[in-house]
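Respectively, the protein sequence lines represent chains U and X.
Start counting the first sequence at 1; every next residue gets the next number (this note's numbering).
Start counting the second sequence at 1; every next residue gets the next number (this note's numbering).
Hint data in this document are derived by calculation from the structure and do not stem from the laboratory.
Every residue, glycine too, gets a C-beta built ideally from N, C-alpha and C.
Misleading hints may appear alongside valid ones.
On the chain U side, residues computed to face chain X include the following (Cβ under 7 Å) [as the list claims (entries may be wrong)]:
no., residue
1, Leu54
2, Val77
3, Asn80
4, Leu83
Dumping the calculated DSSO-like pairs for lysine-lysine here, alpha-carbon to alpha-carbon at most 27 Å [stated by the list, open to error]:
no., chain 1, residue 1, chain 2, residue 2
5, X, Lys103, U, Lys175
6, X, Lys100, U, Lys175
7, U, Lys175, U, Lys85
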Amino acid sequence: MAAWSDERLLDAAKNHEPGAFDAFVERYGGRLFAFGLRMCGHREDAEDVFQDTLLKAFTGLAALREPGAVRTWLFRVAANQCLMKRRSEKSDPSRGISLEQLKPPGWDEGRPVDIADWSDMPEDGARRGELRAALEHAIVDLPADYKVVVVLRDVEGLTTEETAEVLGLRVPAVKMRLHRARMALRGQLSRFHAGGGPASVA
Amino acid sequence: MSQGSDFDGLSREDRIALCQEVMENLSELVEGTAPADFCEKVETMLGSCQPYLVYKDTLAATLDLLKECGGNSDTVTRSGAESYARGVARAREALMKRRKEEKE
Chain U
1 MAAWSDERLL DAAKNHEPGA FDAFVERYGG RLFAFGLRMC GHREDAEDVF
51 QDTLLKAFTG LAALREPGAV RTWLFRVAAN QCLMKRRSEK SDPSRGISLE
101 QLKPPGWDEG RPVDIADWSD MPEDGARRGE LRAALEHAIV DLPADYKVVV
151 VLRDVEGLTT EETAEVLGLR VPAVKMRLHR ARMALRGQLS RFHAGGGPAS
201 VA
Chain X
1 MSQGSDFDGL SREDRIALCQ EVMENLSELV EGTAPADFCE KVETMLGSCQ
51 PYLVYKDTLA ATLDLLKECG GNSDTVTRSG AESYARGVAR AREALMKRRK
101 EEKE
């Protein structure tokens with residue numbers, strides 16, 4: 001099936017056209033599932049969130065007027081579903097760790113301690129795949145409020161302004177969370193390079 | 001922190017304050033969106049500082065990998081193919097049920 005444009009999708013959803021749901025899944029399903037998986041960290045939770053997101057997003061699509069707003073709107077629906085799921089499981093202490101635990105040693109004193117230079121990474125191949133996998137694990141471990149920002153902005157490629165719009169935050173708040181999340185991930189990759197693995201937070 | 005630059009002429013407190021400011025704005029320095037005068041100040045003070053360069057380069061490498069993760073979402077989805085398929089099927093079923101109820 002050839003991919004439908006957002007404009008075509010909106011019309012099809014409004015008119016209950018046969019094939020509209022499949023076209024919607026074809027166009028956005030993979031990204032929404034990957035987003036949910038990164039946010040939830042568990043396939044079972046991601047599956048629930050994905051199902052709810054697909055249904056809510058597709059049925060709500062008909063009310064959307066601007067084809068240009070589809071992508072940010074979909075992520076708003078998906079992010080809300082993920083955060084609602086997260087809130088309903090807030091009592092589980094095994095999920096997520098605080099950003100304090102991810103700070104590099106000496107951060108508060110402006111003292112960089114882990115200064116290993118691993119920036120010269122392999123261009124491709126298995127080692128780079130391992131680094132991506134380590135980073136995916138590190139993303140899952142971020143606190144939800146930071147994770148959602150870094151996934152939207154850096155993984156999904158939304159602009160800072162779009163990310164702020166999706167999350168109902170002000171741009172400076174997005175920038176602050178984004179930077180802290182990035183620094184935490186950088187620190188986790190440093191630990192991975194040092195042989196500790198990204199999940200070995202003290 | 002630096003090697004014989006203006007940085008060494010600063011008091012300890014000022015060095016710490018500058019390092020903290022740099023660390024808090026490293027994303028903008030890496031992405032080139034920091035104010036020009038701040039970029040210039042950092043370049044003058046820390047342009048040859050190894051720890052600063054390492055932090056900056058490894059953060060840039062982290063951003064590159066994050067972007068790659070985005071391009072790799074199909075692989076992530078494939079890794080959970082069964083969950084994906086079940087999620088689609090359940091959503092489709094719920095949609096059909098809703099449409100049927102609407103008609104009735």
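Verification of the hints:
| no. | hint | verdict |
| --- | --- | --- |
| 1 | Leu54 | 4 Å, holds |
| 2 | Val77 | 12 Å, violated |
| 3 | Asn80 | 16 Å, violated |
| 4 | Leu83 | 18 Å, violated |
| 5 | X/Lys103 / U/Lys175 | 47 Å, violated |
| 6 | X/Lys100 / U/Lys175 | 45 Å, violated |
| 7 | U/Lys175 / U/Lys85 | 25 Å, holds |
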